[in-house]
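Trainee: Chain by chain, the residues run as shown.
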Amino acid sequence: MNKSNNKRKSHFRLFVQRFSRNKLAVFGLIFIVIIILAALLAPYIAPYGYDDQDVSRRLTKPNSEHWFGTDDLGRDVFSRMIYGARVSLSIGISTTTISMFTALIIGMISGYYGGKVDNIIMRIVDIFLAIPSILLSIAIAATLGGGIVSMLIAISLGAVPGVSRLIRAQVMAESHKEYIEAAKVTRASDLRIMFKYIFPNILSVFIVTFTMGVAGGILNASMLSFIGLGAQAPIPEWGAMLSGGRQYIRDYPYLVTYPGIMISITVFSINMFGDGLRDAFDPKLKGR
Amino acid sequence: MWMIFVLLGVLFIVFVLLEFTPGDPARQILGAFADEKDVAAKRIELGLDDPFLVRFFRYVYNLVFHFDLGVSYRTKLPVMQEIASRLPITMTIGVLGLLVSVTIGLTTGIISAVKQYSWLDKICNVFAVIFYAMPNFWLALELSLIFALYLKWLPPTGYKGIEYLILPVTALGLNGSTAIFRQTRSSMLDVIREDYIRTAKAKGQSSIKIILNHGLRNALMPVVTMVGNSLGLIIAGTVVIESIFSIPGLGNYMLQAINSRDYPVIQGSVFVLAFMISIFNLLTDIVYSFLDPQIKSQYQSNGISRKRRVRTE
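Those protein sequence lines, which keep their order, are chains S and C.
Residue numbering for the first sequence follows our numbering, beginning at 390 and increasing consecutively.
Residue numbering for the second sequence follows our numbering, beginning at 14 and increasing consecutively.
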């Protein structure tokens, strides 16, 4: 490839090129697309409904008819896992959206204004950070009393403090740069500076954190469901399926193994995808 | 000093959370069939009709001067007593888990960084991302499936001796080691490129000495921060792990309390766990000051309690 050709490439093309060089990241992306498709097309792909009970076929081991076997109520595990992708993905994405945007506002204000405002906000964040996010989520979900909605709130709120701090650091680093000075000289309003000038420059970090956040959200959701504070029966959440299969682990280990593998691969793919994105955004970080 | 504010803040958060819980504590203590009058009397006895702040300060006062966290709705025993009897088990698991994760994380991290791009580095990296993606409770279940149910090497559940701790500690440790591994590897890679490492090499020092004395010592600081953070995660992880292995620790107790909506216990457990984590963070800060002379001198000059820290969540 000669140099003149290289120059004409757009920023985006270069980005895609850098990304596609990372094989694990591409694998992650492909798997994410498969999962999303499975989630969207669940009624067409799944051989059975997620709550179709067939008591005559309880706890059958994996066979040609039921690929992943059936659970204690005779429900097809494979179908439930496909429907579970809907629940897990939408929880992961929605909690991350809520927490990231809350954190964006907090981090922007704290990082941009600095001084006293920053001090007060960050001390409050410190207090929240003293409780590990998952413990905070457990406490919130416990008070709100289980169920999907309270799980959503619990996971979102649990993730806010850590992300706020991250965004604040980014905003702070940006707001001391010269182009912000220049924007201030042109008397651009604070809001305009924050969202028109600073935000595009922290966008790459924002996107990467968002991706990793989805993975974390799925993990936390599965944990909350596992201890009975999340999705309630008959909703086919992966963590809830694990928890349901737990008492049969001795004789029917597949009830525990398959949902766990599903969670792990999904989280793994999202993390790899996020890693790839980060390396593609900032080639200097590569290999770290 | 700052820690006291943090802990007060944690208490306040937990207290506010409980404000939103549905249901009347007095009704829960007396049961669903209690007389309306008795419930009202109980409310007054418990001081539930007082304003929010009054109740909050009473709670804090009782905690600070009487070590009292209230009484469990379910067992009618003082929460503090119940927690105190279970905390040692949880802390043992937590500290052992941390030790395992630090040992694994540090050694693999150093090896990976020193032999970057070698097959060892690749294997370490693959394992790190795999264990990172696994939910720790699932890892625990699979470990007990393999080592307790199939191979029968280790007891599956209970807590009667040291062999009962191996599986839970391994599950927690493997899960926690990934973050420490990544941090160690990346900060070692940073340090190895520094000029003073080249100087040490040029002086003809042995490579082990270079790695440990010049490399690790300088790379350790972000790792210490990460260790502080992973302790929080590990302790939070014990909550679920204990229930899987039926270990009678604080985490298991808290889960039972959650299932029976025993709010004083939830409140107390969250607070005590946060308290332990704060103490460990304080310890990390002290370790920090030993590693970094700059911070040490800061402490001595004006007693600044706020340190520069890299928080990664």
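Don't read these hints as lab results, they were simulated from the structure.
Keep in mind that this is a model prediction, so the values were computed, not measured.
Among the hints, erroneous ones may be present.
What the hints assert, rightly or not - List time: in silico PhoX-like cross-link candidates among lysine-lysine, alpha-carbon distance up to 25 angstroms:
{"#": "1", "chain 1": "C", "residue 1": "K214", "chain 2": "C", "residue 2": "K128"}
{"#": "2", "chain 1": "S", "residue 1": "K505", "chain 2": "S", "residue 2": "K412"}
{"#": "3", "chain 1": "C", "residue 1": "K128", "chain 2": "C", "residue 2": "K55"}
{"#": "4", "chain 1": "S", "residue 1": "K566", "chain 2": "S", "residue 2": "K585"}
{"#": "5", "chain 1": "C", "residue 1": "K89", "chain 2": "S", "residue 2": "K412"}
{"#": "6", "chain 1": "C", "residue 1": "K135", "chain 2": "S", "residue 2": "K412"}
{"#": "7", "chain 1": "S", "residue 1": "K450", "chain 2": "C", "residue 2": "K165"}
{"#": "8", "chain 1": "S", "residue 1": "K573", "chain 2": "S", "residue 2": "K585"}
{"#": "9", "chain 1": "C", "residue 1": "K128", "chain 2": "C", "residue 2": "K89"}
Trainee: Output the numbers, in ascending order, of every earlier hint that fails for this structure.
Mentor: Hints 2, 3, 5, 9 not satisfied by this model.
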